[in-house]
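Engineer: Each chain is listed here by its residues.
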Amino acid sequence: MLKYNISKPQRDYSRWRSERTEAETELGNVLDRIWALLRHEVPEREFEREFNYIIMFILRVQVRQNNMIKSLCRQRNIDYWDTLVIRAGHFFEHLRPQMGDVGHNLAKFEGGDTHAYIFVVFRNSLIHCNNHLIDELYNPNTQSYDDGVMGDGSEDGGIPAAKQPVRHSTSNFGEILTDLHNKEGAKAIYAMIKDDWGKNKINLLCHYYEKLSGVKSERLLGEKPNNIHKHHQRLRETMIGWVEQGVFEKDALKVFFAIYMPKLCQETEAMSTYKQAEHSRGENHENTI
Amino acid sequence: MKTQYDKELFEIYLESTRSGNDPVTSREDALPDSLSVCSISIESDAGDPVCIGNLIGTIRELAWEDSLICCLVLEKTEEESYLVFKASQFTRYAMPDDPKLTGWCGDYLVELDNSFRLTQREIDEAVYLDRVDAFSLMQLQHAWDGFRESPECWDIRVDSLDDWRSKFRIREHELTRHFRHRNLDGNRDLWVPQLDLLKPQRLASQLPLAAAIMPLSEAFELLNQKGARDIYYSLTHTLKMENGARVSLRPAPECLHKKGRVCFGTFCVFEGVLPAVLYFSSGGFRDLEALQKSLDIRIELAEEGEAH
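Line order of the protein sequences matches chains V and L.
Taking my numbering, the leading residue of the first sequence gets 1, the next gets one more, and so forth.
Taking my numbering, the leading residue of the second sequence gets 1, the next gets one more, and so forth.
Please note that the accuracy of each hint is not assured.
Mimicking SDA-like on lysine to any residue, the simulated pairs with C-alpha atoms at most 25 Å apart in a straight line are [stated by the list, open to error]:
1. LYS100(L) to SER217(V)
2. LYS100(L) to TYR260(V)
3. LYS2(L) to ILE259(V)
4. LYS76(L) to LEU235(V)
5. LYS2(L) to LEU72(V)
6. LYS108(V) to THR17(L)
7. LYS230(V) to ASP124(L)
8. LYS108(V) to ASP145(L)
9. LYS76(L) to ASN226(V)
10. LYS108(V) to GLU65(L)
11. LYS100(L) to LYS108(V)
12. LYS108(V) to THR119(L)
13. LYS250(V) to TYR93(L)
14. LYS211(V) to ASP145(L)
15. LYS70(V) to ARG18(L)
16. LYS167(L) to LYS183(V)
17. LYS108(V) to TYR93(L)
18. LYS7(L) to ILE259(V)
19. LYS216(V) to TYR93(L)
20. LYS100(L) to ILE259(V)
21. LYS250(V) to ASP145(L)
22. LYS7(L) to ASN139(V)
23. LYS183(V) to LYS100(L)
24. LYS108(V) to LEU62(L)
25. LYS100(L) to GLY174(V)
26. LYS100(L) to ASN226(V)
27. LYS2(L) to ARG64(V)
28. LYS250(V) to PRO96(L)
These are calculated hints, taken from the structure and not from any lab test.
Construct the complete structure from the given sequences, taking the supplied hints into account.
Structural biologist: Rendered as structure tokens:
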């Protein structure tokens, strides 16, 4: 007789699912509930229960990708339901910081279906979560899943060991931002720029940053576009050179731009030309980009 | 087993580029009309206020006919026009020198050889998916500067047109064909898989037609033949060597301004109203007859009634 091992996440979800009405499980409602979760419109005590709507979304969308994950989990003796909970967590973490952007763009979206719009946004996050997990499960060199699982090298993964814990990691901007090592690196970049760069160079960097951020810059208004373009080009060469030469790490620079550039631009007076800024710089440091 | 998974992975990618196969439209989960625009409140309340509303650095999904095009907005080029690159969440198909940029949801591969322009309106109509960070944008601009200066230095070519990365790249260019071609001018070449994707040294061995007519050694010689024909006439078009690296294709008068396709072997590289002249890279060919025969260049006019 076959014995089914039902894991806790599966049990919890099944119980929750059986209590839902048909209307509650309609995709439009699922999208609304996830939207509310992401906007923190759900009371804390209901958060865990409502979180199941994300699992429901994962089970319904990108079915082919999900089936592949199921099959890979079986092969590698990994609890598929654990991956669902972890993917739901990552889905939430990826989208939460973007809700302002999504809301802004959705408001500008004319004549379309709001549900269809957020469906596409949610699906993108899910594709990423699924892709990342597939890459981890599929890559035979991934250490986190290998131990004791692929014993005899057969296609079915040999004799199954005990179910493996899922150690699903992601590579995304949110994680880069919260990494302590990156934060320290970013702080060092900020300190170095404040100490070593002249005001003209910082003014230029701020102009470049404001341009990337879509902010109407008051800097370098007296410069010809061609000159600005060349200055920006040299600025890029300098900063990317730091990464190539191992002076600073790429992720530290990402954090520097996200955290310290707004601060640096606030601290740096806007100057209309590169030369004007050069004359007024405080310290006589290396000034060529 | 691995091959089976590779095939399945590619199918998953292909599915993500087709509209109409998601639950919104195709399954029992279809959204009832009455639920549209209902309980969703859409005021902005979170995220970096500096960035919100900024189009630069956003990843978007553009719907075009039955395709979904994931792209990244790099910069505003002129009033109401933006430089956009084809992007993809499927980074496993990246070439060694393809930039990989980080977004909130994960990494995106960006294709330097697959850029086009979109209007403000088109960008507003495309769904916002994600945003890449400012340093990633700086890296992309740096890469774009380098690519424009010397594209041949970028390792974005393959050994065979049959591997998954090639199939991916070809599909990606198919998706953007309409947008790349509407901005065709004297500076922009058609993208031809045999000439722009395949490593030049692999060309002779990969062309079935060339292999069928001549032994490989001869095919290689043909590629490098000197004093060869620099103009070639056919019933539907004329090929002319413009300089060492570029070839012009001029449709015959009876094809001009009609709707049709330009095909290189099995690949359609242009579809639409045929202009007076199109350009493509010579791919090292010096003899246009050899080029024509090896690549089987054809113009196929659209059926009566489809013509503009």
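Engineer: All hints are to be evaluated individually against the structure, with a verdict given for each.
Structural biologist: Going through the hints against the structure:
1. LYS100(L) to SER217(V): Given pair LYS100(L), SER217(V) is violated - Cα atoms ~28 Å apart, limit 25 Å.
2. LYS100(L) to TYR260(V): With Cα atoms ~23 Å apart, LYS100(L) and TYR260(V) stay inside 25 Å; holds.
3. LYS2(L) to ILE259(V): Violated, at roughly 43 Å.
4. LYS76(L) to LEU235(V): Distance of about 19 Å is within 25 Å: holds.
5. LYS2(L) to LEU72(V): Within the cut-off at roughly 11 Å; holds.
6. LYS108(V) to THR17(L): Holds, at roughly 24 Å.
7. LYS230(V) to ASP124(L): violated (30 Å)
8. LYS108(V) to ASP145(L): violated (32 Å)
9. LYS76(L) to ASN226(V): Cα-Cα ~15 Å, so holds.
10. LYS108(V) to GLU65(L): holds (22 Å)
11. LYS100(L) to LYS108(V): violated (29 Å)
12. LYS108(V) to THR119(L): holds (15 Å)
13. LYS250(V) to TYR93(L): The hint holds at about 22 Å.
14. LYS211(V) to ASP145(L): Satisfied, since the Cα-Cα distance of roughly 17 Å is no more than 25 Å.
15. LYS70(V) to ARG18(L): Satisfied, since the Cα-Cα distance of roughly 23 Å is no more than 25 Å.
16. LYS167(L) to LYS183(V): violated (40 Å)
17. LYS108(V) to TYR93(L): Roughly 33 Å between the alpha carbons, so the hint for LYS108(V) and TYR93(L) is violated.
18. LYS7(L) to ILE259(V): Violated, at about 42 Å.
19. LYS216(V) to TYR93(L): Violated, at about 37 Å.
20. LYS100(L) to ILE259(V): Distance ~22 Å between LYS100(L) and ILE259(V) Cα, so the pair holds.
21. LYS250(V) to ASP145(L): Holds, at about 19 Å.
22. LYS7(L) to ASN139(V): holds (15 Å)
23. LYS183(V) to LYS100(L): holds (21 Å)
24. LYS108(V) to LEU62(L): Since the Cα atoms of LYS108(V) and LEU62(L) sit roughly 15 Å apart, the hinted pair holds (cutoff 25 Å).
25. LYS100(L) to GLY174(V): Answer holds: LYS100(L) to GLY174(V) is near 16 Å, not above 25 Å.
26. LYS100(L) to ASN226(V): violated (28 Å)
27. LYS2(L) to ARG64(V): With a Cα-Cα distance of about 17 Å, the restraint between LYS2(L) and ARG64(V) holds, given a limit of 25 Å.
28. LYS250(V) to PRO96(L): holds (18 Å)
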